[in-house]
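> Chains R and A, in that order, are what the protein sequence lines are.
Take 10 as the starting number for the first sequence in my numbering and just add one per residue.
Take 84 as the starting number for the second sequence in my numbering and just add one per residue.
Certain hints may be false.
[As the list claims (entries may be wrong)] Derived list of chain A stretches under chain R, where covered just means 3 residues or more per stretch with a C-beta under 8 Å from a C-beta of chain R:
id: 1; segment: 94-101
id: 2; segment: 160-172
[Claimed, not checked] Taking lysine to aspartate or glutamate and the EDC-like style, the derived pairs with C-alpha atoms no more than 16 Å apart in a straight line are:
id: 3; chain 1: A; residue 1: 99; chain 2: R; residue 2: 25
id: 4; chain 1: A; residue 1: 99; chain 2: R; residue 2: 127
id: 5; chain 1: R; residue 1: 88; chain 2: R; residue 2: 25
id: 6; chain 1: A; residue 1: 85; chain 2: R; residue 2: 25
These are computed hints drawn from the structure, not numbers from a lab.
For glycine and all other residues, C-beta sits at the position ideal for the given N, C-alpha and C.
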Amino acid sequence: MAVSAVARLAVVAVVEAHDLYRTYRTSTGTLRRKWHNVEAVRGVSFEIQEGELFGLLGPNGAGKTTTIKMLITLLIPTKGTASVLGYDVVKDAREVRRRIGYVFGGERGVYERLSGYDNLRYFAELYGVEPKEIRPRIDYLLDLVGLKGREQERAEGYSRGMKQRLHIARGLLHDPPVVFLDEPTIGLDPVGARELRATIASLAAAGKTILLTTHYMFEADALCDRIAVINRGEIVAHGTPAELKRDVVEGAVVEVEVFGLPDGTVERVRDLNGVTSVSIEEREQAQLLIVQTQPEVELTQSILGTLDGASVGRISRREPTLEDAYVTLVAEE
Amino acid sequence: MKTLRLIWVGWKFHVKSLTLSGFFILTSVLQPIIFASVAYFMFRAGAREGTLLYVALGAGMMGIWSSTLFGSGGAIQWQRWQGTLEYCIAVPPPFLLVILPLTLATATIGLYSLTATLVWGRLFFSVPLEVAHPVAFIVALPVTVVGLGLLGLILASTFIMYRNANALSNLLEYPVWLVTGLLVSLSLLPFWVGPISWLLAPTWGINALRDAAIAGNAWPEIAMCLLLSAVYLVIGYFALQHFERLARERATLTLT
Chain R
10 MAVSAVARLA
20 VVAVVEAHDL
30 YRTYRTSTGT
40 LRRKWHNVEA
50 VRGVSFEIQE
60 GELFGLLGPN
70 GAGKTTTIKM
80 LITLLIPTKG
90 TASVLGYDVV
100 KDAREVRRRI
110 GYVFGGERGV
120 YERLSGYDNL
130 RYFAELYGVE
140 PKEIRPRIDY
150 LLDLVGLKGR
160 EQERAEGYSR
170 GMKQRLHIAR
180 GLLHDPPVVF
190 LDEPTIGLDP
200 VGARELRATI
210 ASLAAAGKTI
220 LLTTHYMFEA
230 DALCDRIAVI
240 NRGEIVAHGT
250 PAELKRDVVE
260 GAVVEVEVFG
270 LPDGTVERVR
280 DLNGVTSVSI
290 EEREQAQLLI
300 VQTQPEVELT
310 QSILGTLDGA
320 SVGRISRREP
330 TLEDAYVTLV
340 AEE
Chain A
84 MKTLRLIWVG
94 WKFHVKSLTL
104 SGFFILTSVL
114 QPIIFASVAY
124 FMFRAGAREG
134 TLLYVALGAG
144 MMGIWSSTLF
154 GSGGAIQWQR
164 WQGTLEYCIA
174 VPPPFLLVIL
184 PLTLATATIG
194 LYSLTATLVW
204 GRLFFSVPLE
214 VAHPVAFIVA
224 LPVTVVGLGL
234 LGLILASTFI
244 MYRNANALSN
254 LLEYPVWLVT
264 GLLVSLSLLP
274 FWVGPISWLL
284 APTWGINALR
294 DAAIAGNAWP
304 EIAMCLLLSA
314 VYLVIGYFAL
324 QHFERLARER
334 ATLTLT
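Excised from the complex, chain R in its bound form:
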């Protein structure tokens, strides 16, 4: 117990974001241009401790990538401050860059005409890896990400998963203590995504401090020590996965399969007393109406009454999951 308390005292914030704002200026029209401000990030604050795997979870357009780009010095915050290992991301951008690795999801960001090895070799030079260490380091990383034997092929022939793994290797060339991963498993097949998650877990086990953004709840649940849920540029909840689950565990979820959901159903269900959130999942020939309710409230009949006699398939009632917690948090906004 005493050791644990001492260890906790020694914990240091490696990444700190204080009241970050980022506004984009966009225009519409050609001759008469109208300018608009879009607030992508609105007052985001969090801290990541040394060796922690911190998840930033949110739907598309929530502000995850904008937040990460401010932390890795690619965007200057409109307001607020952020630091990595004590270095300010605006004033000490160069010092921050030396100490971080980052990976964006997707296939872009690779010199397609050159081989995987050429790509890594060039970035090893840019990150100041000692010449005699470049080859062994690249060999080690090729092994780590499973690209050994394919490194001399042109990157344009790589699959999406291979390019993604090349990104991971590139981000780790200089063995950075802090790693930012922006939706690294996006678009990967299930096997590729699982392998990548295993790689991320091994990085965390090796003591790296990691910020992971994702919109996959199960991914955040499986990997992260702590999660912040971001929606419309604001953090709407944060805590450990267990804490987030606990917040919504009291309640139930009713799922109704409907063939041809009538217009206005969501609004009608939302107006029912005891409903906390409503969402729809498209199925092949039907829609799945997912309704979260308050504890000890039985709303199945009331929900069916809002369907205007539409054809109904399977009806089920279950305990809420972390994904339901996420949907509730995002829907509340």
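Please build the complex by placing chain A on the supplied structure of chain R, with the hints as guidance.
Below, chain A alone, put in the same frame as chain R:
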């Protein structure tokens, strides 16, 4: 030492990348043939001063400028399109050391254009290739390439900032051909063109190459080209710093 190594490795990387581009190879084959023909027919039609080699060198230099202009600008735009621009910006070294090897590589590729123009000129139009001062010529050649590369560096800084700076490269191709005396003799142009041309390294570069080829004194022009290159380097350094910060403020490093 680390800086030189970074420039060397970056230069090799970008030369390799550029030479693997099908489009780049196609234009490198076709353009010199067009330029050699232009040089020959202009010389025949104009009864101009100087020798046929004098004109052919100008035509070859047009190719180097096109290569630098479209290479530097196009490469930045290409990097933005393929998503590597952000990765290149967020590395520890100053952005100058990332972009300089790229612009030098595009100017180097342009050397091929000069060589091919002269070779085609020799094969099709019997352009004489005897050079009066080979040493001065060999020195003038890389100096000119560096001068062009550094002019490309200043241009590249604007490409970092503006997503549609391609229009600028189209706009600048012909004026620089004219103002630097590559296409027609500067004496045929209005007097105010002169001072502008003196500020451009390619003017001194082409004059150095022509003087070295045709029994003139190329060394003062080589020195001038080097001096302007140093000035471009300083301007490029500050311009890149400025535009890099603006791009991070205005979020123009990506396509969207």
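> Checking C-beta pairs, does the segment 94-101 of chain A have three or more residues closer than 8 Å to chain R?
holds (count 3)
> Measure nothing beyond the straight line between the CA atoms of residue 85 of chain A and residue 25 of chain R; if it is 16 Å or shorter, mark the hint as holding.
Answer violated: residue 85 of chain A to residue 25 of chain R is near 32 Å, above 16 Å.
> Next pair to validate is residue 99 of chain A with residue 127 of chain R; report whether the Cα-Cα distance is within 16 Å.
Distance of about 10 Å is within 16 Å: holds.
> Count the residues of the segment 160-172 of chain A whose CB lies closer than 8 Å to any CB of chain R, then report whether that count reaches three.
It holds: at least three residues are needed, and the segment 160-172 of chain A offers 7 whose Cβ sits within less than 8 Å of chain R.
> With a cut-off of 16 Å on the C-alpha distance, tell me whether residue 88 of chain R and residue 25 of chain R pass.
holds, 14 Å
> Do the alpha carbons of residue 99 of chain A and residue 25 of chain R lie within 16 Å of each other, as the hint requires?
violated, 41 Å
This entry does not satisfy hints 3, 6, going by the numbered hints stated previously.
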